[in-house]
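Undergrad: Produce the complete structure using the sequences and hints provided.
First to last, the protein sequences are chains X and H. Numbering-wise, my numbering puts 351 at position 351 of the first sequence, and it's gapless, one number per residue. Numbering-wise, my numbering puts 131 at position 131 of the second sequence, and it's gapless, one number per residue.
By construction, these hints were calculated from the structure, which means they are not laboratory data. Each residue gets a CB set at the ideal place from its N, CA and C atoms; glycine is no exception.
Subject to a maximum C-alpha distance of 30 Å in a straight line, what follows is the list of computed DSSO-like cross-link-like pairs (lysine-lysine): (1) 143(X) to 288(H); (2) 284(X) to 143(X); (3) 102(X) to 141(X); (4) 304(X) to 288(H); (5) 288(H) to 284(X); (6) 143(X) to 77(X).
Derived list of chain X stretches under chain H, where covered just means 3 residues or more per stretch with a C-beta under 8 Å from a C-beta of chain H: (7) 234 to 244; (8) 247 to 254; (9) 263 to 277.
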Amino acid sequence: VFLRPGVVAERNPVEILKGEALAERIVTSGRIAQIRKLAEIGTVVYVPTHLSNLDSPVFAYALQASGLPPVTYGAGKNLFTNPVLSFFMRNLGAYRVDRRLKFELYKLVLKTYSSILIERGFHSLFFPGGTRSRSGGVERKLKLGLAGTGLEAFIRTGRKVFFVPATINYMLTLEAETLIDDWLQEQGKARYIIEDDESTRLDRMTTLARKLVQMEESCAVRFGQPLDPFGNEVDEEGQSYDRRGREVDPRTYIERDGKVVLDHARDAQFTRELGEVVMEHYLKDTIAMPTHVVATAAFALLRKRMPNADLFALVRRRDESVVAWRDMIEEIERTQRKLLDLEGRDQIVVSSAVRGANATELLGDAERAMNGYHSHAIIRSREQGVALLDPKVLLYYQNRLAAHGVAWQGGRP
Amino acid sequence: MKRLSVVGGGAWGVALATAAHSAGSDVLLYSRRPHGDLPDAVKTTHDLGALAAHAWTILLAVPSKNVRDLARELGDHLDGRHILVHGIRGLVPRPSTDPSWEGEELATIAHVLREETPARKFGALGGPVLTDELAKGQPSVLVAASHYPEVLESVKSLLGGTNVRIYTTDDLTGLEWASALVSILAIAMGFARGAGVGAGLVSAFAIRGVHESARIAHAAGAQERTFLGLGGFGDLLAAMSQDARPEVRLGEALAKGASIESVLAELGQRIEAVELAPRVKEFAERHKVAAPIVSTIADGILGRKSVPELLQRLMTAPISGYA
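TA: Below you can see the structure in the form of structure tokens.
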């Protein structure tokens, strides 16, 4: 059911999200106090992971809830015509970006605009993954084009610029089904911009909001270690440190013969290297949730059953797989142990729902979450075992833990 | 005046310092011992602080096993303005940072410099240059690699001259892997010579070895074409025709029945490729790259298998890649 404009007027989307108390359900964690201080010293540029069109409103609420100043950001033009989301785009400080325009002048104007915003102290938000992660996985390739203007602003004015990697984590992703379909269809090829997906459908959004509100910690934003434009960690005072803990003056990177200079080739490389550090932080700050854990376990069992099958053979299977309940529980426990071990090494964050529950409870949580929201049942416990009803959606959720080596990396999500 | 600092009192460091001096650079060499063969104008120091203060560009010519400690110490004296260029033909094992893999990874020298210093502008030197020829001022060709154009400009300005020609590439990882893998292939070239293998077959192994190395390094992020140029095949050709290259001498002696230990004792030096070969073999296996030649070097030649057995193994390995 697609929305007619009139429907939107009748039901204010803010009420849907706020009225359903979703905003209050967003859990925030990480370096909040530090970022609050840094926002007074310089400009903060947030570079979070990107899964859903809900990300920007969710992130905006997370900032507000954490007592952090608001941000400006460029959002795809299509979001401004999206009947549900356009409200947020118009009211949360977003400016329009048309990703289909490829000519240089347009890009230059956008970059200059962004650079001047940062120079003037407007905290900014960029999704360096470029588009929403189709696979559900944590980004492994970043395009820091626009975010690179943070470095330019620093060079031009000397104003301190702090990049903050962040993760936006969902127990359920609004557009999971469309995104994973798109990923499977277009594996590795140039992406097209999806115009109609779950985020244009009010019914799906309200169902999701209702689901998320019913669950603890179902949507979590984590603010990571702030970095200078060269990938050095910064402390609360904005001082940069190298990987061995030595103080570094960021201005030295851009000086040549005693003068600060702009050098596009050099600066593009600095920004590429910043992207690599940002991705390391994405992994550390990923929050593993019950749906990710159960999907990881389910997919592992599916693969055990079809050891020689490739990605497509696994997700295309039509018949229903039922795995023994005991096997499922053991696999969930194994996944849970791996995650806790990784968390001990500061490589991931395990949500309290995963840490505090036993495998049976986790399975129940994931079942309730996925089956109520997605268009059909994904996984269901029955008398004869656990039925895996939609390998595609399971793949989507397990992909969140693939780059960590916990879930299957088959399609290199 | 153009200024350059060099770390490494071995033959390679001295050759680079000498070449830079000939190119008109004011050179300071960090070394623990005096050098009779240095031009008078090249001063030496024991103080890394003085070395870092002397020039913004620092060349590193030390064994790869020393590079981490050296970089950590040197890092105390560096800032974002410094350019670090190394001429080290090796890769450094280190614990995996990939949470899904608990073994060892192979890190490039530039990677180690990134971890241990506040600097960012890194570069590498490689190519068919021979230490003796460079030291004597004979015409030489080097390859310099960096992601930063200003690093390449600096290397050209400090080292380049009428007798030193410098080609450049932005494939830093490619040049670093090529230099390291060519030193492994050089063992096989020496072995083939010692075993009396015909010229046609030697040529085939050389080319197939370069292709195989390119495929392996591609898995580490290198560009394959770097291997087909001066830094890969060019370097191997130079090694093949040079008796002095220790890897070639090791291979030749092994073919004649000597033990690794005795050859190393006779050469009086460590050969990094001996320890690197099994690690590269493991890397190739992990990344599912067919590597019959490197594997044969790692466990066949260095594992002292007989010549006929090795030849049979290579001649019957599955054929992969372009001809």
